[in-house]
Amino acid sequence: MSSSRIITLTSSDEVAFDVDEAVAFESQTIKDAFGDDRADNGTLLPNVTSKILSKVIEYCNMHVEARKFEERSGFDEELKAWDADFVKVDQGTLFGLVDAANYLNIKGLLDLTCQTVAEQIKGKTPEEIRRTFCIKRYFTPEEEEEVRRENQWAFE
Amino acid sequence: MDPSESFFNELDFDAIVVILMCLEDPADLIRVCSLSRFWYKFAILGSDWWHDTAMAWPSYHHLIANGLCKKLCLRMFPQLSVVESVVEQSKRLRNHIDIGSCNSAEWENLEREHRAFAFLARQCKTLAGGNCIAEAVCASSTDNYPFESIVNTLDPGDRVGPRASYWSSKGQRDHTVPETLVYKLSGDFCVITQINIQPFQAYFQTGDPIYAAKSVRFRVGHPKFSCPEDILLLESIQNNIWTDSSEKFPIAQPVDIPHQEAPESRFIWTWTSQEFPMAQENRLQEFKLPKPILCFGGIVQIELLGRVQRQEMDNLFYICVSHVEVIGKGLFPEFVTEIFEPSGKIVLKYCPNPHPIRIRSRSKDRPLFISRLSTLRGDLMQGPRRVFGRMPHIFRLIRQQDESDDPESQQHEPEPT
Numbered sequence: 000m001s002s003s004r005i006i007t008l009t010s011s012d013e014v015a016f017d018v019d020e021a022v023a024f025e026s027q028t029i030k031d032a033f034g035d036d037r038a039d040n041g042t043l044l045p046n047v048t049s050k051i052l053s054k055v056i057e058y059c060n061m062h063v064e065a066r067k068f069e070e071r072s073g074f075d076e077e078l079k080a081w082d083a084d085f086v087k088v089d090q091g092t093l094f095g096l097v098d099a100a101n102y103l104n105i106k107g108l109l110d111l112t113c114q115t116v117a118e119q120i121k122g123k124t125p126e127e128i129r130r131t132f133c134i135k136r137y138f139t140p141e142e143e144e145e146v147r148r149e150n151q152w153a154f155e
Numbered sequence: 000m001d002p003s004e005s006f007f008n009e010l011d012f013d014a015i016v017v018i019l020m021c022l023e024d025p026a027d028l029i030r031v032c033s034l035s036r037f038w039y040k041f042a043i044l045g046s047d048w049w050h051d052t053a054m055a056w057p058s059y060h061h062l063i064a065n066g067l068c069k070k071l072c073l074r075m076f077p078q079l080s081v082v083e084s085v086v087e088q089s090k091r092l093r094n095h096i097d098i099g100s101c102n103s104a105e106w107e108n109l110e111r112e113h114r115a116f117a118f119l120a121r122q123c124k125t126l127a128g129g130n131c132i133a134e135a136v137c138a139s140s141t142d143n144y145p146f147e148s149i150v151n152t153l154d155p156g157d158r159v160g161p162r163a164s165y166w167s168s169k170g171q172r173d174h175t176v177p178e179t180l181v182y183k184l185s186g187d188f189c190v191i192t193q194i195n196i197q198p199f200q201a202y203f204q205t206g207d208p209i210y211a212a213k214s215v216r217f218r219v220g221h222p223k224f225s226c227p228e229d230i231l232l233l234e235s236i237q238n239n240i241w242t243d244s245s246e247k248f249p250i251a252q253p254v255d256i257p258h259q260e261a262p263e264s265r266f267i268w269t270w271t272s273q274e275f276p277m278a279q280e281n282r283l284q285e286f287k288l289p290k291p292i293l294c295f296g297g298i299v300q301i302e303l304l305g306r307v308q309r310q311e312m313d314n315l316f317y318i319c320v321s322h323v324e325v326i327g328k329g330l331f332p333e334f335v336t337e338i339f340e341p342s343g344k345i346v347l348k349y350c351p352n353p354h355p356i357r358i359r360s361r362s363k364d365r366p367l368f369i370s371r372l373s374t375l376r377g378d379l380m381q382g383p384r385r386v387f388g389r390m391p392h393i394f395r396l397i398r399q400q401d402e403s404d405d406p407e408s409q410q411h412e413p414e415p416t
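Chains as they are written, first to last, in numbering that gives the first Met the number 0: chain X, 0 to 155; chain V, 0 to 416.
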């Protein structure tokens, strides 16, 4: 049995991370890029900083390991708790993870981080959403009034 | 990064769609729409809009089913996928929000859909339903017609005054023969959450037998009138409703449509439920649907599967039901469905500010099948009714007596189709 190869992922700020093939292949993008081509063993990720990349690798490591314990009872809750802790980060990091998960096509991480962002939107008024995410106002006051009037029920 | 800039600006649009689709409450999505012109357009069009060039308007086929409100609604109600298009009828002049260069007709269309689906989603979430059965349409078989007809199931309880009020099937030797009851709801477009059925306990028979079924199954749909024979059937049903102001006889009953012929051939079913086991108990049993179900066309069928109770007298299996309720909410008058035949295409009409009095057009081009069905019932039973239990031979004697008493009366059997 051949040992699985090590793949080197280099971040935008030129920090190199050596990861197991199995961990790297949590990313569908990387999996598609490397596939059966055994000659290549590294790639540059120009869109991902080292700070984000290290978190991404931490997530992939955990989830690859976790699959070995799938049958154990109570396993699901433990993993969920770990995931919940994992996304307790500042907004910049959270959005960086969303972006990286999307770019690297890691479904579990994308769902987890997007759900976290959505939780921060749920139940908030537009003003609160604007404040939380620093969104600039682009409607004229009249246009905003029109949208509110059309959908009065959503603002009650 | 400039703290005044939003992280959202950095995100890829596919990611934004994933985030917005995590919002389960449509109210949250609407609030996001009001953040800025960009968000408004994005929520309506989705990321496919951006994938084509940001400046030019993408071709129409890229925009199909991209609206996020529509996606949310489709997720809540997969039955919505049969709706081909949504049109809006509103007299109010709208000030359209300027969203830059675009094809305004297509944009208006999408805005309309967005508004309609947003309203629909909200109505369904704030559901406080009641019994929305308007009429009984037909039963697969009826014993002692018309005295034990399906009409009796519209009254709560098993009695009306001194008289037993229930529907009874015909007797069968084979206990696996099913029965069906078909009802019309109070609107073209309803959301239903629960169905209640009370089986009938024959308190006048020895042992007080309960004539329940083993299990029940539900279907919703709309009438099908794709061939001339069906139109004729509708005419004959309408003709069978006769009025008799005499106090002795019940009047205006829906006819039986035999099970082997209908309802499969008379209706198109858009949703079928799982089988629910029925208890052999004389109480209003509640069958909660796994999720709210949209009913286009307002027709609900109750299928009663498996007979359990034999009648002592003739040793045949019967099923009897004393009361039926369909709990839900009619979305009329804000929504009207039109079903075009023979394509079966469904168009949803959304009227945000409905007028209190609506006049339905009956033009040849677009027959409104629902309103024709609503004239089936005519007047309800009037006058004192007889207490006929499960004693068919006595019933026959009394009927013969009545016929000789009142030569003007006409008892007729259900017309064969």
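For the record, the hints were derived by calculation from the structure and aren't laboratory data. Treat the hints loosely; a few may be bogus.
[Stated by the list, open to error] Chain V is faced by these chain X residues, among others (derived, beta-carbon under 7 angstroms):
| hint | residue |
| --- | --- |
| 1 | 89 |
| 2 | 90 |
| 3 | 121 |
[As the list claims (entries may be wrong)] In silico DSS-like cross-links for lysine-lysine, where the CA-CA straight-line distance does not exceed 27 angstroms:
| hint | chain 1 | residue 1 | chain 2 | residue 2 |
| --- | --- | --- | --- | --- |
| 4 | X | 106 | X | 87 |
| 5 | V | 70 | V | 348 |
| 6 | X | 121 | V | 348 |
| 7 | V | 70 | X | 123 |
| 8 | X | 106 | V | 70 |
| 9 | V | 348 | V | 290 |
| 10 | V | 290 | X | 121 |
| 11 | X | 30 | X | 50 |
For glycine and all other residues, C-beta sits at the position ideal for the given N, C-alpha and C.
Taking the hints in turn, this is what the structure says about them:
Proximity of residue 89 (chain X) to chain V is violated relative to the hint, the smallest CB-CB distance being about 10 angstroms (cut-off 7 angstroms). Annotation: interface hint on residue 90 (chain X) holds; nearest CB of chain V at approximately 6 angstroms, less than 7 angstroms. The criterion of a C-beta within 7 angstroms of any C-beta in chain V is met by residue 121 (chain X), whose closest approach is roughly 5 angstroms, and the hint holds. Annotation: proposed proximity of residue 106 (chain X) to residue 87 (chain X) holds, straight-line Cα distance about 19 angstroms (limit 27 angstroms).
A distance of roughly 18 angstroms separates the Cα atoms of residue 70 (chain V) and residue 348 (chain V); the hinted pair therefore holds under the 27 angstroms criterion. The straight-line distance between the Cα atoms of residue 121 (chain X) and residue 348 (chain V) is roughly 30 angstroms, outside the 27 angstroms bound, and the hint therefore fails. Pair hint residue 70 (chain V) plus residue 123 (chain X) holds up; C-alpha atoms about 21 angstroms apart against a cutoff of 27 angstroms. Distance restraint check for residue 106 (chain X) and residue 70 (chain V): the Cα-Cα separation of roughly 20 angstroms lies within the 27 angstroms cut-off, and the hinted pair is therefore satisfied.
Distance check on the hinted pair: residue 348 (chain V) and residue 290 (chain V) sit about 24 angstroms apart at the alpha-carbon level, within 27 angstroms; holds. A distance of roughly 22 angstroms separates the Cα atoms of residue 290 (chain V) and residue 121 (chain X); the hinted pair therefore holds under the 27 angstroms criterion. Of the supplied pair hints, the one linking residue 30 (chain X) and residue 50 (chain X) holds, its CA atoms being roughly 22 angstroms apart against a limit of 27 angstroms.
Comparing the model with each earlier hint shows violations of hints 1 and 6; every other hint is respected.
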